[in-house]
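All residue numbers for the sequence shown refer to the numbering used here, where the first residue is 27 and numbers rise by one.
If you're looking for bench data, these hints aren't it; they were derived computationally from the structure.
Every value quoted in this text rests on a predicted model; they were computed, and no experiment measured them.
Keep in mind that the hints are not guaranteed to be accurate.
Unchecked claim - Using 25 Å as the maximum straight-line C-alpha spacing, the simulated DMTMM-like pairs for lysine to aspartate or glutamate come out as follows:
no.: 1; residue 1: Lys-328; residue 2: Asp-363
no.: 2; residue 1: Lys-328; residue 2: Glu-196
no.: 3; residue 1: Lys-53; residue 2: Asp-287
no.: 4; residue 1: Lys-355; residue 2: Asp-141
no.: 5; residue 1: Lys-328; residue 2: Glu-294
no.: 6; residue 1: Lys-331; residue 2: Glu-406
no.: 7; residue 1: Lys-342; residue 2: Glu-196
no.: 8; residue 1: Lys-328; residue 2: Glu-406
no.: 9; residue 1: Lys-384; residue 2: Glu-100
no.: 10; residue 1: Lys-360; residue 2: Asp-287
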Amino acid sequence: MEKRQIQYQFQEDHLINSSKNLFDESKLKMEEMVINLGPHHPSTHGVLRLEVLTDGEYVVDLVPHLGYLHRCFEKHAENLNFQQIIPYVDRMDYMAAINSEHAFAMGVEKMMGIDEKIPKRVEYIRVLVAELNRLASHFIAIGTYGLDIGATTPFLWMMRDREHILRLLEWVSGARMLYNYIWVGGLYYDLPVGFEERCTEFINYFEPKLQELKELVIDNKIFIERTANVGVLPLDIAINYGTSGPVLRGSGLAHDLRKVDGYSVYPELDFEVPIGEGKMGTVGDCWDRTYVRVLECWESLKIMKQCVKQLTTDHKRDRTFDPQALVPKKIRPKAMDFYSRAENPKGELGFFFRTNGKSDIPERLKVRACSFCNLSVLPEISRGVLLSDLIAIIGSIDVVMGEVDR
(Lines of atoms letter the chains of each structure in order from A and count residues from 1; the text may use other names and numbers.)
(Lines give C-alpha, C1' and ligand atoms only; values in the text may rest on other atoms or scores of the structure.)
Protein backbone atom coordinates (compact mmCIF):
# COMPACT_ATOMS: atom_id res chain seq x y z
CA MET A 1 0.00 0.00 0.00
CA GLU A 2 1.34 3.39 -1.00
CA LYS A 3 2.40 5.56 1.91
CA ARG A 4 0.27 8.70 2.34
CA GLN A 5 2.14 11.91 1.69
CA ILE A 6 2.20 14.37 4.57
CA GLN A 7 0.96 17.72 3.24
CA TYR A 8 1.77 19.80 6.29
CA GLN A 9 4.37 19.25 8.97
CA PHE A 10 3.89 21.37 12.08
CA GLN A 11 6.90 23.30 13.31
CA GLU A 12 6.89 25.49 16.36
CA ASP A 13 8.82 28.33 14.70
CA HIS A 14 6.43 28.66 11.70
CA LEU A 15 4.66 31.70 13.18
CA ILE A 16 7.87 33.45 14.17
CA ASN A 17 9.41 32.91 10.73
CA SER A 18 6.29 34.00 8.82
CA SER A 19 5.73 37.21 10.82
CA LYS A 20 9.01 38.16 12.43
CA ASN A 21 8.98 40.77 15.16
CA LEU A 22 10.81 44.01 14.49
CA PHE A 23 11.83 44.58 18.09
CA ASP A 24 14.28 42.23 19.80
CA GLU A 25 13.09 41.65 23.37
CA SER A 26 16.65 41.07 24.58
CA LYS A 27 17.60 44.63 23.55
CA LEU A 28 14.73 46.44 25.27
CA LYS A 29 15.42 48.98 27.98
CA MET A 30 14.24 48.27 31.52
CA GLU A 31 11.05 50.39 31.20
CA GLU A 32 10.14 49.28 27.64
CA MET A 33 7.86 46.46 26.57
CA VAL A 34 6.38 45.13 23.32
CA ILE A 35 2.59 44.94 23.02
CA ASN A 36 0.68 43.22 20.22
CA LEU A 37 -2.39 45.30 19.37
CA GLY A 38 -4.56 43.02 17.27
CA PRO A 39 -5.02 41.17 15.01
CA HIS A 40 -8.28 40.34 16.81
CA HIS A 41 -9.28 43.65 18.31
CA PRO A 42 -12.18 45.95 17.29
CA SER A 43 -10.06 49.11 17.36
CA THR A 44 -7.70 47.76 14.67
CA HIS A 45 -10.61 47.85 12.18
CA GLY A 46 -10.09 44.33 10.97
CA VAL A 47 -7.29 41.80 11.26
CA LEU A 48 -4.49 44.35 11.57
CA ARG A 49 -1.69 43.46 13.97
CA LEU A 50 0.40 46.29 15.38
CA GLU A 51 3.64 45.44 17.14
CA VAL A 52 3.97 48.39 19.51
CA LEU A 53 7.08 49.29 21.51
CA THR A 54 5.96 51.25 24.58
CA ASP A 55 7.60 53.17 27.38
CA GLY A 56 4.95 53.15 30.09
CA GLU A 57 1.81 54.47 28.34
CA TYR A 58 3.75 56.16 25.53
CA VAL A 59 4.37 54.71 22.07
CA VAL A 60 8.08 54.65 21.25
CA ASP A 61 7.70 52.97 17.86
CA LEU A 62 5.43 50.52 16.05
CA VAL A 63 5.25 48.38 12.94
CA PRO A 64 2.07 47.10 11.21
CA HIS A 65 2.00 43.37 10.40
CA LEU A 66 -0.17 42.53 7.39
CA GLY A 67 -1.39 39.40 5.66
CA TYR A 68 -4.01 38.01 8.05
CA LEU A 69 -6.81 38.48 5.48
CA HIS A 70 -5.02 37.70 2.24
CA ARG A 71 -7.55 37.70 -0.64
CA CYS A 72 -5.21 36.57 -3.47
CA PHE A 73 -6.99 39.14 -5.67
CA GLU A 74 -4.13 39.66 -8.11
CA LYS A 75 -3.57 35.92 -8.58
CA HIS A 76 -7.30 35.40 -9.16
CA ALA A 77 -7.25 38.19 -11.76
CA GLU A 78 -4.55 36.38 -13.75
CA ASN A 79 -6.92 33.41 -14.20
CA LEU A 80 -10.24 35.14 -14.95
CA ASN A 81 -11.51 37.27 -17.82
CA PHE A 82 -12.21 40.95 -17.27
CA GLN A 83 -15.96 40.66 -16.58
CA GLN A 84 -15.40 37.77 -14.15
CA ILE A 85 -12.91 39.87 -12.14
CA ILE A 86 -15.55 42.43 -11.07
CA PRO A 87 -17.01 40.35 -8.18
CA TYR A 88 -13.47 40.01 -6.81
CA VAL A 89 -12.98 43.79 -7.06
CA ASP A 90 -16.04 44.13 -4.78
CA ARG A 91 -14.35 42.11 -2.09
CA MET A 92 -11.32 44.35 -1.61
CA ASP A 93 -12.84 47.48 -0.06
CA TYR A 94 -16.14 45.82 0.77
CA MET A 95 -17.37 49.10 2.31
CA ALA A 96 -17.20 50.80 -1.10
CA ALA A 97 -17.69 48.00 -3.63
CA ILE A 98 -19.47 50.06 -6.30
CA ASN A 99 -16.77 52.75 -6.23
CA SER A 100 -14.17 50.02 -6.83
CA GLU A 101 -16.22 48.56 -9.69
CA HIS A 102 -16.46 52.02 -11.24
CA ALA A 103 -12.67 52.46 -11.17
CA PHE A 104 -12.06 49.00 -12.66
CA ALA A 105 -14.71 49.29 -15.40
CA MET A 106 -13.43 52.72 -16.49
CA GLY A 107 -9.90 51.35 -16.80
CA VAL A 108 -10.94 48.46 -19.05
CA GLU A 109 -13.19 50.77 -21.12
CA LYS A 110 -10.26 53.13 -21.73
CA MET A 111 -8.10 50.21 -22.88
CA MET A 112 -10.91 49.11 -25.23
CA GLY A 113 -11.40 52.67 -26.54
CA ILE A 114 -15.11 52.74 -25.69
CA ASP A 115 -14.97 55.14 -22.73
CA GLU A 116 -16.26 58.07 -24.84
CA LYS A 117 -19.21 56.00 -26.14
CA ILE A 118 -20.80 55.13 -22.78
CA PRO A 119 -24.37 56.59 -22.71
CA LYS A 120 -24.87 59.59 -20.43
CA ARG A 121 -27.69 57.84 -18.56
CA VAL A 122 -25.29 55.01 -17.69
CA GLU A 123 -22.69 57.53 -16.50
CA TYR A 124 -25.17 59.41 -14.29
CA ILE A 125 -26.46 56.14 -12.81
CA ARG A 126 -22.87 55.08 -12.06
CA VAL A 127 -22.13 58.36 -10.29
CA LEU A 128 -25.43 58.25 -8.37
CA VAL A 129 -24.85 54.75 -6.95
CA ALA A 130 -21.13 55.49 -6.38
CA GLU A 131 -21.99 58.54 -4.26
CA LEU A 132 -24.56 56.50 -2.34
CA ASN A 133 -21.81 53.98 -1.62
CA ARG A 134 -19.40 56.81 -0.68
CA LEU A 135 -21.92 57.92 1.94
CA ALA A 136 -22.28 54.37 3.27
CA SER A 137 -18.48 54.07 3.55
CA HIS A 138 -18.14 57.39 5.39
CA PHE A 139 -20.96 56.36 7.74
CA ILE A 140 -18.90 53.32 8.75
CA ALA A 141 -15.76 55.47 9.13
CA ILE A 142 -17.46 58.07 11.34
CA GLY A 143 -19.60 55.63 13.31
CA THR A 144 -16.84 53.16 14.18
CA TYR A 145 -14.52 56.06 14.97
CA GLY A 146 -17.01 57.10 17.63
CA LEU A 147 -16.78 53.60 19.12
CA ASP A 148 -12.98 53.77 19.06
CA ILE A 149 -12.93 56.77 21.35
CA GLY A 150 -15.83 55.81 23.59
CA ALA A 151 -19.05 57.11 21.96
CA THR A 152 -21.83 54.64 21.12
CA THR A 153 -24.59 56.96 19.84
CA PRO A 154 -22.87 58.09 16.58
CA PHE A 155 -22.34 54.45 15.60
CA LEU A 156 -26.00 53.57 16.17
CA TRP A 157 -27.16 56.64 14.24
CA MET A 158 -24.81 55.88 11.35
CA MET A 159 -25.91 52.24 11.15
CA ARG A 160 -29.54 53.34 11.14
CA ASP A 161 -29.02 55.73 8.22
CA ARG A 162 -26.64 53.43 6.36
CA GLU A 163 -29.39 50.82 6.30
CA HIS A 164 -31.45 53.12 4.05
CA ILE A 165 -28.57 53.20 1.56
CA LEU A 166 -28.01 49.44 1.67
CA ARG A 167 -31.69 48.86 0.94
CA LEU A 168 -31.52 51.22 -2.05
CA LEU A 169 -28.42 49.49 -3.41
CA GLU A 170 -29.97 46.08 -2.77
CA TRP A 171 -33.02 47.21 -4.73
CA VAL A 172 -30.90 48.24 -7.70
CA SER A 173 -28.44 45.32 -7.75
CA GLY A 174 -29.87 42.49 -5.66
CA ALA A 175 -27.04 42.54 -3.09
CA ARG A 176 -26.45 44.48 0.12
CA MET A 177 -22.67 44.94 0.02
CA LEU A 178 -21.02 43.13 -2.92
CA TYR A 179 -22.90 44.35 -5.95
CA ASN A 180 -21.43 43.34 -9.36
CA TYR A 181 -23.61 46.14 -10.75
CA ILE A 182 -21.22 48.24 -12.88
CA TRP A 183 -20.09 46.16 -15.84
CA VAL A 184 -17.45 46.94 -18.46
CA GLY A 185 -19.39 48.89 -21.09
CA GLY A 186 -22.52 49.52 -19.05
CA LEU A 187 -24.59 48.26 -16.14
CA TYR A 188 -26.13 45.01 -14.99
CA TYR A 189 -29.57 46.59 -15.27
CA ASP A 190 -31.32 49.94 -15.42
CA LEU A 191 -32.57 51.60 -12.23
CA PRO A 192 -35.83 50.16 -10.86
CA VAL A 193 -38.93 52.25 -11.49
CA GLY A 194 -39.22 54.79 -8.68
CA PHE A 195 -35.57 54.62 -7.66
CA GLU A 196 -34.95 58.30 -8.39
CA GLU A 197 -37.88 59.32 -6.20
CA ARG A 198 -36.65 57.11 -3.36
CA CYS A 199 -33.21 58.74 -3.62
CA THR A 200 -34.82 62.17 -3.32
CA GLU A 201 -36.74 60.99 -0.23
CA PHE A 202 -33.48 59.76 1.31
CA ILE A 203 -31.70 63.06 0.60
CA ASN A 204 -34.53 65.05 2.19
CA TYR A 205 -34.52 62.67 5.18
CA PHE A 206 -30.77 62.68 5.72
CA GLU A 207 -29.85 66.36 5.34
CA PRO A 208 -31.18 67.34 8.81
CA LYS A 209 -29.71 64.11 10.25
CA LEU A 210 -26.29 65.10 8.96
CA GLN A 211 -26.56 68.43 10.74
CA GLU A 212 -27.43 66.55 13.94
CA LEU A 213 -24.38 64.34 13.44
CA LYS A 214 -22.14 67.38 13.06
CA GLU A 215 -23.43 68.78 16.35
CA LEU A 216 -23.17 65.40 18.10
CA VAL A 217 -19.64 64.54 16.96
CA ILE A 218 -17.66 67.26 15.22
CA ASP A 219 -18.72 70.11 17.50
CA ASN A 220 -18.67 67.96 20.64
CA LYS A 221 -16.22 69.26 23.28
CA ILE A 222 -15.14 65.76 24.34
CA PHE A 223 -14.58 64.69 20.72
CA ILE A 224 -12.54 67.83 20.03
CA GLU A 225 -10.33 67.31 23.07
CA ARG A 226 -9.86 63.65 22.11
CA THR A 227 -8.88 64.27 18.46
CA ALA A 228 -7.54 67.84 18.04
CA ASN A 229 -3.72 68.03 17.90
CA VAL A 230 -3.57 64.21 17.93
CA GLY A 231 -1.90 62.28 15.09
CA VAL A 232 -0.87 65.39 13.19
CA LEU A 233 0.13 64.50 9.61
CA PRO A 234 2.12 67.31 7.96
CA LEU A 235 1.39 67.81 4.27
CA ASP A 236 4.92 67.01 3.07
CA ILE A 237 4.89 63.66 4.90
CA ALA A 238 1.38 62.89 3.59
CA ILE A 239 2.60 63.45 0.02
CA ASN A 240 5.87 61.54 0.48
CA TYR A 241 4.04 58.48 1.81
CA GLY A 242 1.56 58.50 -1.08
CA THR A 243 -1.54 59.05 1.05
CA SER A 244 -4.76 60.11 -0.64
CA GLY A 245 -8.44 60.74 0.03
CA PRO A 246 -9.55 62.32 3.33
CA VAL A 247 -6.17 61.48 4.90
CA LEU A 248 -4.39 63.70 2.36
CA ARG A 249 -7.12 66.35 2.17
CA GLY A 250 -7.21 66.52 5.95
CA SER A 251 -3.61 67.75 5.75
CA GLY A 252 -4.72 70.70 3.62
CA LEU A 253 -4.32 69.64 -0.02
CA ALA A 254 -7.46 69.81 -2.21
CA HIS A 255 -6.54 66.76 -4.30
CA ASP A 256 -9.63 64.88 -5.48
CA LEU A 257 -9.43 62.76 -8.63
CA ARG A 258 -13.05 63.60 -9.45
CA LYS A 259 -11.74 67.13 -10.02
CA VAL A 260 -8.11 66.42 -11.02
CA ASP A 261 -8.84 63.75 -13.65
CA GLY A 262 -12.43 64.81 -14.33
CA TYR A 263 -13.65 61.30 -15.14
CA SER A 264 -17.19 60.15 -15.94
CA VAL A 265 -19.70 63.06 -15.65
CA TYR A 266 -18.05 64.67 -12.61
CA PRO A 267 -16.86 67.69 -14.66
CA GLU A 268 -20.54 68.47 -15.36
CA LEU A 269 -21.44 68.44 -11.66
CA ASP A 270 -21.04 71.21 -9.10
CA PHE A 271 -19.33 70.19 -5.85
CA GLU A 272 -16.49 71.34 -3.60
CA VAL A 273 -13.39 69.55 -2.28
CA PRO A 274 -13.24 69.99 1.54
CA ILE A 275 -9.82 70.22 3.20
CA GLY A 276 -8.52 70.33 6.77
CA GLU A 277 -8.07 73.85 8.06
CA GLY A 278 -6.93 73.28 11.63
CA LYS A 279 -10.06 74.90 13.05
CA MET A 280 -9.88 73.04 16.36
CA GLY A 281 -6.17 72.20 16.51
CA THR A 282 -3.43 71.66 13.94
CA VAL A 283 -3.95 71.09 10.22
CA GLY A 284 -3.77 67.35 9.55
CA ASP A 285 -4.87 66.09 12.96
CA CYS A 286 -7.49 63.41 13.67
CA TRP A 287 -10.23 66.01 14.01
CA ASP A 288 -9.48 67.44 10.56
CA ARG A 289 -9.64 64.02 8.89
CA THR A 290 -13.04 63.32 10.45
CA TYR A 291 -14.24 66.83 9.63
CA VAL A 292 -13.34 66.32 5.96
CA ARG A 293 -15.37 63.08 5.83
CA VAL A 294 -18.44 64.80 7.30
CA LEU A 295 -18.15 67.67 4.81
CA GLU A 296 -17.78 65.15 1.98
CA CYS A 297 -21.14 63.68 2.99
CA TRP A 298 -22.71 67.08 2.24
CA GLU A 299 -20.96 67.19 -1.14
CA SER A 300 -22.14 63.66 -2.00
CA LEU A 301 -25.73 64.70 -1.30
CA LYS A 302 -25.23 67.69 -3.59
CA ILE A 303 -23.92 65.42 -6.37
CA MET A 304 -26.80 62.98 -5.90
CA LYS A 305 -29.37 65.77 -6.26
CA GLN A 306 -27.85 66.78 -9.60
CA CYS A 307 -27.74 63.17 -10.84
CA VAL A 308 -31.38 62.59 -9.92
CA LYS A 309 -32.34 65.77 -11.76
CA GLN A 310 -30.50 64.62 -14.90
CA LEU A 311 -31.98 61.12 -14.69
CA THR A 312 -35.51 62.50 -14.51
CA THR A 313 -35.14 65.23 -17.19
CA ASP A 314 -32.47 65.21 -19.94
CA HIS A 315 -31.54 61.54 -19.51
CA LYS A 316 -34.79 60.13 -18.21
CA ARG A 317 -35.98 56.56 -18.48
CA ASP A 318 -36.71 55.29 -22.01
CA ARG A 319 -38.14 51.98 -23.19
CA THR A 320 -35.41 51.76 -25.83
CA PHE A 321 -32.58 52.25 -23.34
CA ASP A 322 -30.34 49.20 -23.01
CA PRO A 323 -27.71 49.48 -20.22
CA GLN A 324 -25.87 46.47 -21.71
CA ALA A 325 -25.79 47.77 -25.31
CA LEU A 326 -22.03 48.45 -25.21
CA VAL A 327 -21.06 45.48 -23.01
CA PRO A 328 -18.53 43.55 -25.15
CA LYS A 329 -19.11 39.84 -25.73
CA LYS A 330 -15.37 39.30 -25.36
CA ILE A 331 -12.95 41.82 -23.87
CA ARG A 332 -9.61 41.58 -25.63
CA PRO A 333 -7.62 44.86 -25.37
CA LYS A 334 -4.49 45.49 -27.42
CA ALA A 335 -1.13 44.58 -25.94
CA MET A 336 -0.23 47.36 -23.50
CA ASP A 337 0.69 48.42 -20.00
CA PHE A 338 -2.05 50.69 -18.68
CA TYR A 339 -2.84 52.43 -15.39
CA SER A 340 -6.27 53.75 -14.45
CA ARG A 341 -7.39 55.39 -11.21
CA ALA A 342 -10.45 56.85 -9.50
CA GLU A 343 -11.40 58.56 -6.23
CA ASN A 344 -12.69 56.01 -3.76
CA PRO A 345 -14.05 57.04 -0.33
CA LYS A 346 -10.65 56.21 1.19
CA GLY A 347 -8.51 57.69 -1.58
CA GLU A 348 -6.95 56.84 -4.93
CA LEU A 349 -7.74 53.32 -6.12
CA GLY A 350 -5.59 52.42 -9.12
CA PHE A 351 -5.38 49.40 -11.42
CA PHE A 352 -2.30 48.55 -13.47
CA PHE A 353 -3.14 46.28 -16.41
CA ARG A 354 -0.75 44.30 -18.58
CA THR A 355 -2.38 42.68 -21.61
CA ASN A 356 -0.94 40.73 -24.56
CA GLY A 357 -3.62 41.46 -27.18
CA LYS A 358 -4.42 37.77 -27.63
CA SER A 359 -6.34 36.83 -24.49
CA ASP A 360 -9.33 38.18 -22.57
CA ILE A 361 -7.44 37.36 -19.36
CA PRO A 362 -4.92 40.00 -18.16
CA GLU A 363 -1.30 38.86 -17.89
CA ARG A 364 -0.95 41.09 -14.82
CA LEU A 365 -3.36 43.12 -12.74
CA LYS A 366 -1.77 45.11 -9.93
CA VAL A 367 -3.82 47.19 -7.49
CA ARG A 368 -2.75 50.49 -5.98
CA ALA A 369 -4.79 50.24 -2.78
CA CYS A 370 -5.50 53.51 -0.96
CA SER A 371 -5.88 51.80 2.44
CA PHE A 372 -2.44 50.21 2.07
CA CYS A 373 -0.73 53.53 1.27
CA ASN A 374 -2.61 55.40 4.00
CA LEU A 375 -1.72 52.75 6.58
CA SER A 376 1.98 53.09 5.76
CA VAL A 377 2.08 56.54 7.39
CA LEU A 378 0.83 55.21 10.75
CA PRO A 379 4.29 54.72 12.42
CA GLU A 380 5.35 58.22 11.33
CA ILE A 381 2.49 59.99 13.15
CA SER A 382 2.22 57.68 16.17
CA ARG A 383 5.64 57.95 17.79
CA GLY A 384 5.50 59.66 21.17
CA VAL A 385 1.71 59.53 21.58
CA LEU A 386 -0.24 57.85 24.37
CA LEU A 387 -1.39 54.30 23.70
CA SER A 388 -5.01 55.48 23.90
CA ASP A 389 -4.26 58.12 21.24
CA LEU A 390 -2.86 55.41 18.97
CA ILE A 391 -6.40 53.96 18.78
CA ALA A 392 -7.72 57.39 17.80
CA ILE A 393 -5.09 57.68 15.06
CA ILE A 394 -5.87 54.25 13.57
CA GLY A 395 -9.58 55.11 13.43
CA SER A 396 -8.92 58.46 11.77
CA ILE A 397 -7.03 56.78 8.90
CA ASP A 398 -10.04 54.54 8.09
CA VAL A 399 -8.47 51.39 6.68
CA VAL A 400 -10.21 48.29 5.35
CA MET A 401 -8.04 45.20 5.65
CA GLY A 402 -9.64 43.47 2.65
CA GLU A 403 -7.97 46.12 0.50
CA VAL A 404 -4.69 46.16 2.45
CA ASP A 405 -4.33 42.37 2.24
CA ARG A 406 -5.68 42.15 -1.30
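Hints and how they fare:
1. Lys-328 <-> Asp-363: violated, 36 Å
2. Lys-328 <-> Glu-196: This hinted pair holds, its Cα atoms lying about 22 Å apart.
3. Lys-53 <-> Asp-287: violated, 49 Å
4. Lys-355 <-> Asp-141: holds, 16 Å
5. Lys-328 <-> Glu-294: Since the Cα atoms of Lys-328 and Glu-294 sit roughly 13 Å apart, the hinted pair holds (cutoff 25 Å).
6. Lys-331 <-> Glu-406: violated, 40 Å
7. Lys-342 <-> Glu-196: At roughly 21 Å apart (the allowed maximum being 25 Å), Glu-196 and Lys-342 satisfy the hint.
8. Lys-328 <-> Glu-406: violated, 35 Å
9. Lys-384 <-> Glu-100: Answer holds: Lys-384 to Glu-100 is near 20 Å, not above 25 Å.
10. Lys-360 <-> Asp-287: holds, 23 Å
In this structure, the earlier hints numbered 1, 3, 6, 8 are contradicted, and the remaining ones agree with it.
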